[in-house]
Amino acid sequence: AQTIHQWPVAEIKAVGSPLSLGCTIKGKSSPNLYWYWQATGGTLQQLFYSITVGQVESVVQLNLSASRPKDDQFILSTEKLLLSHSGFYLCAWSPDNYEQYFGPGTRLTVL
Amino acid sequence: GEQVEQRPPHLSVREGDSAIIICTYTDSATAYFSWYKQEAGAGLQLLMSVLSNVDRKEEQGLTVLLNKKDKRLSLNLTAAHPGDSAVYFCAVERGSALGRLHFGAGTQLIVIP
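Here the protein sequences line up with chains A and B, keeping their order. Letter by letter, the first sequence follows residues 1 to 111 in the working numbering. Letter by letter, the second sequence follows residues 1 to 113 in the working numbering.
Rather than coming from a laboratory, the hints here were simulated on the basis of the structure. As the structure is a prediction and not an experimental result, all values here were calculated from the model. Heads up, the beta-carbon is just placed ideally off N, CA and C, and yes, glycines get one too. Mixed in with the good hints there might be a few duds.
Said to hold, decoys possible - Some, not all, of what chain B presents toward chain A, calculated at C-beta under 10 Å: (1) Val4; (2) Tyr36; (3) Gly43.
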């Protein structure tokens, strides 16, 4: 069975500080991977997707970047956090571009 | 681009009653339709999904109806119980897109014992 893990569970960071969030999928080779952002009480917005190692497509520009250094790993990062980056970050994987399965999420608070 | 509207934003039902959530979409090329459940502080759980060639699907007390003519998707929870209390999202996608899911705004469902 496939498992998806996100780290850290929660972060509290200062404006202007760097950020790195991680996502790992086990039990599935070459999954499609996605990053989403969810404002508190809001809907989900897709940020990035990747269909293969080393290739990432940006969907929305939010002063964030993403990388896929390994087949089972997806990283979301920025060098300078903004207050607007606060929210819930979710990683998802898909075997086929249709059904997407989400991780437990990372709660980010920027102060 | 695709616009997805979901209603109602809040829904309160008594245990054993049914709860219906509706989404409408704008892109006639939309080919994939799904419903997710999100409990407080957690990720999203995929409940059901259908492709555009399916009008109705039932599984474990859930019914998804797709009306392509009206561009409307609905989720019916029959005999709701308190464990169904959560936020529900519809999500749709064009068949040609690489997993570009467009989400509705969500429905906060409360099931009263």
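Status of the hints after comparison with the structure:
1. Annotation: B:Val4 was flagged as interfacial toward chain A, and the flag holds, the nearest CB pair being 9 Å apart, inside 10 Å.
2. The interface hint given for B:Tyr36 is met, as the beta carbon of that residue sits about 8 Å from the closest beta carbon of chain A, less than 10 Å.
3. Taken as an interface hint, B:Gly43 checks out: its beta carbon lies about 4 Å from the nearest beta carbon of chain A, inside 10 Å.
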